[in-house]
Amino acid sequence: MEALQRLDRRWLYAALILVILLPLVKPLGIPLRPRSWTVQAFEAIEAAGPGDAVLLSLDYQVSGAPDIHPQTEAIIRRLMEKGCRVILVAFVDQGAQFAIDLARKWEARGKKYGTDIVVLGFAPGVEAAISAFARDVAAVFPRDVRGNPISELPAMKGIKTARDFKVIGDLATGIPGPAEWIRQVKTAFPEVSLVGNVVTVMGPQTLPYVQSGQLAGCMIGLRGAAEYEVLAKQPGQAVAAMDAQSMGHLMIILYIILGNLAYLATRRKKGSRA
Amino acid sequence: MRKEIPMAVASICGFLVLINFFFEKALPFTKGWVDTLQNWGVVVSAFAMGLAAVNLVFIHARHIARRSPGWYNSLALLVAMVLSTVSGIVFYAAPKAAWAAGLRSLWTYLFNGLLKPLGAAMFSTLVFFIASAAFRSFRARSVEAAILLGAGLIALLGAAPIGELISEAFPRASNWIMDVPNVAGNRAIIMGAAIGAVALGFRILLGIDRPYIGGE
Numbered sequence: 000m001e002a003l004q005r006l007d008r009r010w011l012y013a014a015l016i017l018v019i020l021l022p023l024v025k026p027l028g029i030p031l032r033p034r035s036w037t038v039q040a041f042e043a044i045e046a047a048g049p050g051d052a053v054l055l056s057l058d059y060q061v062s063g064a065p066d067i068h069p070q071t072e073a074i075i076r077r078l079m080e081k082g083c084r085v086i087l088v089a090f091v092d093q094g095a096q097f098a099i100d101l102a103r104k105w106e107a108r109g110k111k112y113g114t115d116i117v118v119l120g121f122a123p124g125v126e127a128a129i130s131a132f133a134r135d136v137a138a139v140f141p142r143d144v145r146g147n148p149i150s151e152l153p154a155m156k157g158i159k160t161a162r163d164f165k166v167i168g169d170l171a172t173g174i175p176g177p178a179e180w181i182r183q184v185k186t187a188f189p190e191v192s193l194v195g196n197v198v199t200v201m202g203p204q205t206l207p208y209v210q211s212g213q214l215a216g217c218m219i220g221l222r223g224a225a226e227y228e229v230l231a232k233q234p235g236q237a238v239a240a241m242d243a244q245s246m247g248h249l250m251i252i253l254y255i256i257l258g259n260l261a262y263l264a265t266r267r268k269k270g271s272r273a
Numbered sequence: 000m001r002k003e004i005p006m007a008v009a010s011i012c013g014f015l016v017l018i019n020f021f022f023e024k025a026l027p028f029t030k031g032w033v034d035t036l037q038n039w040g041v042v043v044s045a046f047a048m049g050l051a052a053v054n055l056v057f058i059h060a061r062h063i064a065r066r067s068p069g070w071y072n073s074l075a076l077l078v079a080m081v082l083s084t085v086s087g088i089v090f091y092a093a094p095k096a097a098w099a100a101g102l103r104s105l106w107t108y109l110f111n112g113l114l115k116p117l118g119a120a121m122f123s124t125l126v127f128f129i130a131s132a133a134f135r136s137f138r139a140r141s142v143e144a145a146i147l148l149g150a151g152l153i154a155l156l157g158a159a160p161i162g163e164l165i166s167e168a169f170p171r172a173s174n175w176i177m178d179v180p181n182v183a184g185n186r187a188i189i190m191g192a193a194i195g196a197v198a199l200g201f202r203i204l205l206g207i208d209r210p211y212i213g214g215e
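These protein sequence lines are chains P and S, in that order. For the first sequence, numbering that gives the first Met the number 0 begins at 0 and goes up steadily by one. For the second sequence, numbering that gives the first Met the number 0 begins at 0 and goes up steadily by one.
These aren't lab readings, by the way, just hints derived from the structure by calculation. Please read these numbers as outputs of a predicted model, since none were measured by experiment. Yeah, the Cβ is synthetic: ideal placement off N, Cα and C, and Gly gets one too. Any given hint could turn out to be false.
[As the list claims (entries may be wrong)] The calculated DSBU-like cross-link candidates involving lysine-lysine, where the alpha carbons are at most 30 Å apart (straight line), are:
(1) S/K115 - P/K25
(2) P/K165 - S/K30
(3) S/K95 - P/K110
(4) P/K104 - S/K95
(5) S/K115 - P/K111
(6) S/K30 - P/K159
(7) P/K110 - S/K115
(8) P/K156 - S/K24
(9) S/K30 - P/K156
(10) S/K95 - P/K156
(11) S/K24 - P/K159
(12) S/K95 - P/K111
(13) S/K115 - P/K232
(14) P/K165 - S/K24
(15) S/K115 - P/K104
[What the hints assert, rightly or not] Selected chain S positions facing chain P (Cβ under 10 Å, derived; list incomplete):
(16) V43
(17) S44
(18) Y91
(19) W106
(20) F122
(21) F137
(22) R140
Sequences and hints are given; from them, build the entire structure.
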């Protein structure tokens, strides 16, 4: 056991890589049961019917994208299937580029830009910008990212304030995140249905807002995306990644157990010497 | 006057936003003023980003001119900054112009071909830190550490689908940890921070704290 204490960490890394890679090559098909907060988020988003406007705020950076972007993909896929109007905005600079790429992707699949999907762009100013946007959308974004006046876009018809969106989803890796949206939007417009979509590390700090009813639901990290895909009956990239995540978790648990056994063995030996 | 005028402006703006938030129905004329103020906030933030970029250029140009240690990092930063700024502006300002096709592809490459994979790689390296920490640092050295360890193990097993495959009890216990002790603890932190924010807000509005003029 003591030899474990001196084990070169590169062996740990190699074993971890191997265990994560295997299910990506040969999926195990471990069943996935959605958690209550994801079910609530799914139901809130499902409330949007054909023609309803849904706002997704892509407040994330590239560094957190592997954990959060599959959520954006899954939600938009479902909304497009239902015929909702998808409006994308960003209060984090890099989020706007993700939005632009998504709009292009859906255009290539036959959806019409300006009617089915719109990208408003990025506004700096964090909470001040979110508040200004919620109170008067056109004042912050008189034109979309392609230079079209938003008053001329069919997707933006009837949208003046945050109140006019059927559902708002904030996809965040930090600040601004659901807490900022609650402060600036949910407090001013209590009737707004706000869903918090966060990276895994933000999950624990976001859940109190679900219990308090300020968030209609919450999706946490890649697993949140996988659960949403299961609920929407559209398994995609997030579900495919879940087996690898499961195996990664198992390895980490194994390392914790082995590390503690080695630690206890060393301590016992030291105790017997004393 | 150099201090008094900014203090007066900050206090008036702050109180105006507060008054509008609490008494919009009684004082509807404040809405237009606050809307304008908030839109100015967005514009000022945009200028602040520009100012930060100019500042960054000055600092790193000085490093390069003086050949300070690691000056080539500053050079790399400036080259990357110029390339992404120019190609990014063209990408947004001239989305269809034929002359700008090369710059647009450069922007797409910089974002999708360079920034995204680099960001993902940085994020992925976390797993190795976690693996190393799990093996070497996450130890039951005391009763408190053992409780934390137990809760962490249950949360880990509950968060991955495999936990449910091992036993139905893992997701149930994990959800309970997330829903009860976690929410209770986080709620206390959120409410404590909110009370602190109210106190800090009043100190700034009354001019006791003045971070916007150098924190004097």
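- request: Starting from P/K156, check that the Cα of S/K24 is at most 30 Å away, please.
  value: At roughly 27 Å apart (the allowed maximum being 30 Å), S/K24 and P/K156 satisfy the hint.
- prompt: Is P/K110 within 30 Å of S/K115, Cα to Cα?
  reply: 25 Å, holds
message: Checking one constraint from the list: CA of P/K165 to CA of S/K30, max 30 Å. Satisfied?
response: 24 Å, holds
query: Does the structure keep S/K24 and P/K159 at a Cα separation of 30 Å or less?
result: 19 Å, holds
task: Verify the proposed pairing of S/K95 with P/K111, using a straight-line Cα cut of 30 Å.
output: 17 Å, holds
task: Assess, step by step, whether the Cα of S/K30 is no farther than 30 Å from the Cα of P/K156, and give holds or violated.
output: 23 Å, holds
field: When the least beta-carbon distance from S/R140 to chain P is tested against 10 Å, hint result
entry: Where the cut-off is 10 Å and the nearest Cβ of chain P is about 8 Å from S/R140, the hint holds.
message: Less than 10 Å between beta-carbons is the criterion; does S/S44 satisfy it with respect to chain P?
response: Holds, because the Cβ-Cβ distance from S/S44 to chain P comes to roughly 4 Å (cut-off 10 Å).
- prompt: Taking 10 Å as the limit, does the beta-carbon of S/F122 come near enough to a beta-carbon in chain P?
  reply: 5 Å, holds
message: Would the hint linking S/K95 and P/K156 be met if the CA-CA limit is 30 Å?
response: With Cα atoms ~26 Å apart, S/K95 and P/K156 stay inside 30 Å; holds.
message: Next item in the hint list is S/W106. Is there a CB on chain P closer than 10 Å to its CB?
response: 9 Å, holds
message: P/K165 and S/K24 were given as a pair; does the straight-line alpha-carbon distance stay at or below 30 Å?
response: 24 Å, holds
Violation of the numbered hints given earlier is absent; every hint is satisfied by the structure.
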